[in-house]
Amino acid sequence: MTRLSRYRETALLALSGALIAANWYQQPARAATWAAMTAFIAGMALVLVTAARRSDRPNWRDASDALKSGVFVAGLMLTMTLTAALAKSTGLLADVSAGRRISMALLGVFFVVTGNALPKRLTPLATMVCNPSRVQAFQRFSGWTWVLTGVAYSLAWLLLPMHYAGPAAMLAVTSGMLMIASRLVMLFLTPRSA
Amino acid sequence: MNRVFKALSDPTRRRVLQLLRARPMSAGELADHFAVSKPTMSAHFSVLQEAGLVETEKVGRTIWYRLKMSVLEDALLGFAHTLGWNPAARARTAPSAGRALKRRAVKAEG
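Protein chains in written order, with this note's numbering: chain A, 343 to 536; chain B, 11 to 120.
Bear in mind the hints are in silico, worked out from the structure with no lab data behind them. As the structure is a computational prediction, the values presented were derived from the model and not from experiment. Hints may be right or wrong, so weigh each one.
[Said to hold, decoys possible] Covered stretches of chain B, as calculated for chain A (at least 3 residues, CB under 8 Å): (1) 11 to 24; (2) 31 to 39; (3) 42 to 52.
[Unchecked claim] Below 27 Å or equal to it, Euclidean Cα-Cα: the simulated DSS-like pairs (lysine-lysine) are: (4) B:Lys48 <-> B:Lys68; (5) A:Lys430 <-> B:Lys68; (6) A:Lys430 <-> B:Lys48; (7) A:Lys462 <-> A:Lys410; (8) B:Lys48 <-> B:Lys16.
Don't be surprised by glycine CBs; every beta carbon is placed ideally from N, CA and C.
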């Protein structure tokens, strides 16, 4: 792991903290919002510290990496939103929707990254209750579906007009989830020997 | 990522991955599909394992090979197969080509 990737989450949280302070200074009337965001950042910092402390334990290594990735994505989205809010309050950005578009597109990228890794998570063959080849087919299907869902989600937020982007993105996510869920039901309904 | 590209550059290894797309297979089952020696096949398996594209699991006395490809790697395999990407064949004129695989095969044999 490079030095940069090791400290990227900490750097993002620090940047988010600085942006909250700047926003609070610019818009003191919204103190409750900034206080809530500060509490959120503190919670994420706590998660990060816990993950870092337990990462040397064998059972915690994967969970620790997953927690760090989650903090990174959440920090990235928060940073984008706070930057857009600050840019709007200082008059640098006339349209605040740009910040929202980018942060939602980043969420789509998170779906893509998650979906990409889905087929790599293997269950031991001996512990499988379903047919292994069907489980593999299901994992590939859900990975591809989630990646395409993420791409559709990001594109909807980046390209469509604001009042269409939200519903279209939700439609993409709902369709993706329904497709995966129906395939999962089919997997459990099929006997292991089939 | 270099290891993934290296693993996908060989048609035999790509064929192995395509066979594993259908279902997990034992080493013997996979080897039956190819007219190459056991050590060479074993060397191909180790390249795929090093790239993280397949995983082995021992159940009883059988070692099973399973696909462990991300969506991106799956897409790369599709592209490589469609385009017939084979830099190894192009490089075969170079004396160093295939030497690494031979070394692996000898290692697997020993």
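- List, from low to high, the hint numbers that the structure doesn't satisfy. The structure breaks hints 1, 3, 5 and 6; every other hint is satisfied.
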